[in-house]
Amino acid sequence: MEEKKYMSPYVAGIGLGITLLLAFVFMGRGLGASGAMMRFEVWFLNLFASDHVASNPYFSKYANNPLNNWLVYEIIGVMIGGFISGALAGRLKFKIGKGPNISNKGRLILAFTGGTLMGFAARLSRGCTSGLALTGGATLALGGWVFMFSVFAGGYALAYFLRKQWI
Amino acid sequence: MAPFYKFGYFSEQTGFLIALILGIGFGFWLERAGFGNSRKLALQFYFKDITVLKVMFTAIVVAMLGLMYLSLFGWLDISKVYINPTYIGAQAVGGLLLGFGFIIGGYCPGTAVVGGVTGRIDGYIFILGALFGMFVFGEMFPAIEDLFLSGNMGDVRLMDYFNWSSGVTALVVVLLAIGMFIGGEWLERKYGGQEA
Chain W
0 MEEKKYMSPY VAGIGLGITL LLAFVFMGRG LGASGAMMRF EVWFLNLFAS DHVASNPYFS
60 KYANNPLNNW LVYEIIGVMI GGFISGALAG RLKFKIGKGP NISNKGRLIL AFTGGTLMGF
120 AARLSRGCTS GLALTGGATL ALGGWVFMFS VFAGGYALAY FLRKQWI
Chain P
0 MAPFYKFGYF SEQTGFLIAL ILGIGFGFWL ERAGFGNSRK LALQFYFKDI TVLKVMFTAI
60 VVAMLGLMYL SLFGWLDISK VYINPTYIGA QAVGGLLLGF GFIIGGYCPG TAVVGGVTGR
120 IDGYIFILGA LFGMFVFGEM FPAIEDLFLS GNMGDVRLMD YFNWSSGVTA LVVVLLAIGM
180 FIGGEWLERK YGGQEA
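Chains as they are written, first to last, in numbering that gives the first Met the number 0: chain W, 0 to 166; chain P, 0 to 195.
Hints in this document: simulated from the structure, not taken from any laboratory.
Just so it is clear, CB atoms sit at the ideal spot from N, CA and C, and this is done for glycine as well.
Careful: at least some of the hints might be erroneous.
Derived DEER-like restraints, expressed as beta-carbon distance ranges [as the list claims (entries may be wrong)]: (1) P:Y8 x W:E1: 41 to 49 Å; (2) W:N67 x P:D154: 21 to 29 Å; (3) P:W74 x W:E1: 23 to 31 Å; (4) W:S102 x P:M152: 21 to 29 Å; (5) W:A62 x P:L127: 19 to 27 Å; (6) P:D145 x W:F43: 48 to 56 Å.
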């Protein structure tokens, strides 16, 4: 099946905005992603290092039944929804996203490095692009807006040095 | 009266089912917009594809206006909606680091999940990196606790901080969004044209 074009960003943005609004209306909270990852992580660490989790002042906050959480169910939904949309558009394909001037190996090393920074930063900020910038942006939380502009500033500041990866 | 869960209209278990359904919507729209594709996300930072900014600001404006009108009509009690607490030092530094991670790694946590389920190998590797980064954060926590707690201002919103009315604040956000859409379209015409 031929890949369909991506939807207009304004239409997708309205869809996303309505989904976010429904989260506020039904639950009184927004959407998120990194919080669910944190819970999977603590669940995993608990399997073979539960003493360590219990004694760590940060991990222990999540130690009590980490998967029994709203965000965990939400992120499972994200997997299903992303898969459905990808399938409908003929976009399910194993590949590596990158520009033409970088090797697969180079790209994957950078993906891991960037992911590491992202995971660290999302915990430091108490949220990521979904849970803090998008959700906090819509509720007009000051921290959400400061964070959002900081993210864009950080991205633009390093973009020049990473141009070989993308363009 | 909304938020329904906070007024006890349904149980936590039902809330989990709603989480699953809302998550499906969230993942669906992210993928529709092209956010499973790391290169498309990254081209935002070269002014070649301003989709990230357009989707994000459209969604923020829609949800913000929805919240505002529902509470004006008296259908939603905004005081029962979770407002992200502001720790301005932690979030300014964290945002910069997260921006570095975005341009280096090409994803953010939610988009990496969408990339992964549509077959993107770099999405999976990015998620492994993010889990490792969270592990490092936890292990380092005692050393960075001061930064984590820096700039605590509580559940402060833009209108409290600037001492504006809700309506004026919303108008500023809408005008900012429109300005970014116009600027973004202009930048895409000037620098874009490359297939993501």
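- Item | Broken hints, by number | The structure conflicts with hints 3, 4 and 6, although it agrees with all the remaining ones.
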